[in-house]
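Participant: Take a look at the letters that make up each chain.
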Amino acid sequence: MSALQAFLHMGGYAPYVWTSYGLAAVLLIFNIVLPRRAEQAALRRLARREALGESHDTAS
Amino acid sequence: MTPRRKRMWIIALCVLGVGIAVALILTAFNQNLMYFYSPSEVARGEAPGNRAFRLGGMVVKGSVERGDAKDLTVRFKVTDFAQERAIAYRGILPDLFREGQGIVAIGQLDAQGVFVASEVLAKHDEKYMPPEVAQALKDGQASKAAQP
Amino acid sequence: MNFAFLHKYASLMHFYRLSHTLTPWLAAATLALFAWGLVGGLLLAPTDYQQGDSFRIMYVHVPAAWMSMFVYVTMAVAGGVALIWKLKLAEIVSRACAPLGASFTFLALVTGSIWGKPMWGTWWVWDARLTSELILLFLYLGVIALHGALDDRRAGARAGAVLALIGVVNIPIIHFSVEWWSTLHQGATVSKFSKPSIHIDMLIPLLVMISAFQCYFAWSLLVRVRSEILDYDRNASWVRELGRAQEAGR
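Chains as they are written, first to last, in my numbering: chain Z, 1 to 60; chain H, 1 to 148; chain V, 1 to 250.
Hint data in this document are derived by calculation from the structure and do not stem from the laboratory.
We treat Cβ as the ideally placed atom computed from N, Cα and C, and that holds for glycine.
Among the hints, a few may not be true.
[Unchecked claim] Computed list of lysine-lysine pairs in DSS-like fashion (alpha-carbon distance at most 27 angstroms, straight line):
hint, chain 1, residue 1, chain 2, residue 2
1, H, Lys6, V, Lys117
2, H, Lys6, V, Lys88
3, V, Lys117, H, Lys61
4, V, Lys117, H, Lys127
5, H, Lys127, V, Lys86
[As the list claims (entries may be wrong)] Between beta-carbon pairs, the in silico distance windows are:
hint, chain 1, residue 1, chain 2, residue 2, range
6, Z, Arg36, V, Leu43, 29 to 37 angstroms
7, Z, Ala25, H, Thr73, 39 to 47 angstroms
8, V, Ala188, H, Ala12, 27 to 35 angstroms
9, Z, Ala3, H, Gly140, 26 to 34 angstroms
10, H, Leu24, V, Gly187, 21 to 29 angstroms
11, Z, Gly22, H, Pro48, 38 to 46 angstroms
12, H, Pro48, V, Trp123, 36 to 44 angstroms
13, Z, Arg36, V, Thr47, 53 to 61 angstroms
14, Z, Ala41, H, Asn30, 46 to 54 angstroms
Could you build all of it, start to finish, from the sequences and the hints given here?
Facilitator: Here it is in structure tokens:
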């Protein structure tokens with residue numbers, strides 16, 4: 001078994017180890033990408049509002 | 001007192017109140033929160049006699065007997081270093097099962113006081129080390145035990 | 001008590017700008033720490049004498065569990081500040097902590113379950129450690145529900161803060177569960193008062209990964225907070241200026 005294969009094999013525990021790390025990666029990436037998109041969407045909304053000259057939003 | 005200070009006191013007292021309430025509830029339910037009974041507790045009769053419960057302890061060295069080809073039952077003893085209890089189990093044992101390993105068994109006592117288990121789980125300790133260090137520790141202990 | 005010097009940073013505008021200054025550095029530090037921690041944990045750390053390579057799940061499970069508690073306390077403290085001082089920034093921070101903390105708790109529970117199957121022989125047990133961590137997830141979900149349930153987002157934040165403060169008692173329960181009751185989950189490997197029962201070559205990547213998760217939390221919290229600030233302060237002149245700049249930039 002090559003060194004790379006041995007590494008991926010994780011002593012027979014490959015599905016357990018890689019699923020755990022994979023889930024962690026998904027959650028961590030998700031929690032950065034989603035808020036960044038939200039900020040960009042908010043800025044786009046603000047730009048549109050300025051372009052239309054509206055100012056009647058009720059502040060919460 | 002300013003409104004802000006009053007809010008502070010209310011919150012502090014509420015958190016304290018909830019804390020005390022939970023502490024009292026947990027104290028009342030203490031026995032139920034124990035995940036398993038020890039062999040000493042079973043010897044003292046503290047474990048339920050007529051329903052399943054969990055027995056936890058360390059597998060006594062040299063006590064593991066696997067049945068012959070027809071009888072798939074494994075017999076072994078667990079200890080909490082004060083009392084021992086015999087366990088009989090038919091089924092697959094976890095990977096980590098071996099002598100000197102901690103286990104938790106689910107089952108009932110039979111008429112002879114043997115704990116007949118329907119499930120055996122391994123309970124490992126919080127120690128992490130490479131195999132060579134573990135071996136060195138074992139050898140160190142063996143040579144210490146061999147000293148007069 | 002005069003916290004006047006802090007008032008500048010409680011200003012949403014200043015915090016927004018501060019977050020944009022800090023996040024590139026936090027992102028770089030997070031990625032560097034993860035690189036170091038992953039190489040250390042997956043490659044350099046030796047195999048465990050009893051758990052083999054499955055113990056490497058520890059390098060995501062333990063940081064996730066630690067963060068699930070750390071973020072909850074942050075959320076509760078920010079919530080307390082919001083309730084007592086009615087600070088908008090505290091409300092926003094408390095709101096932002098909830099989905100992050102829930103993610104960490106979910107990750108801790110699932111990676112723990114995945115690790116438990118080969119090692120203990122089961123996916124789940126109702127012992128005190130696992131049950132109290134599951135309760136933590138429910139608390140987070142309850143706080144998130146309260147945040148969204150009320151039309152007025154400020155009232156929602158304060159309602160969530162009340163639940164967060166009530167639930168704070170769960171944190172010491174989770175931590176001490178393995179000492180107070182007999183559990184299947186093992187006791188603490190690293191504690192403040194005694195020598196860690198883990199080999200140093202295995203410990204260092206763990207500490208690095210915990211730092212990586214902490215840095216990541218700071219980074220993702222700031223990103224989440226600043227997008228909420230834009231909504232909270234949407235009629236403020238500085239936000240409208242941002243909108244104009246964004247519009248001009250198109």
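Participant: Does each hint fit the structure? Answer for all of them.
Facilitator: Against the structure, the hints:
no., hint, result
1, Lys6(H) <-> Lys117(V), "violated (50 angstroms)"
2, Lys6(H) <-> Lys88(V), "holds (19 angstroms)"
3, Lys117(V) <-> Lys61(H), "holds (25 angstroms)"
4, Lys117(V) <-> Lys127(H), "holds (19 angstroms)"
5, Lys127(H) <-> Lys86(V), "violated (46 angstroms)"
6, Arg36(Z) <-> Leu43(V): 29 to 37 angstroms, "holds (31 angstroms)"
7, Ala25(Z) <-> Thr73(H): 39 to 47 angstroms, "holds (45 angstroms)"
8, Ala188(V) <-> Ala12(H): 27 to 35 angstroms, "holds (29 angstroms)"
9, Ala3(Z) <-> Gly140(H): 26 to 34 angstroms, "holds (33 angstroms)"
10, Leu24(H) <-> Gly187(V): 21 to 29 angstroms, "holds (25 angstroms)"
11, Gly22(Z) <-> Pro48(H): 38 to 46 angstroms, "holds (42 angstroms)"
12, Pro48(H) <-> Trp123(V): 36 to 44 angstroms, "violated (25 angstroms)"
13, Arg36(Z) <-> Thr47(V): 53 to 61 angstroms, "violated (38 angstroms)"
14, Ala41(Z) <-> Asn30(H): 46 to 54 angstroms, "holds (51 angstroms)"
Figure legend: structure checked against the earlier numbered hints; hints not met, in rising order: 1, 5, 12, 13.
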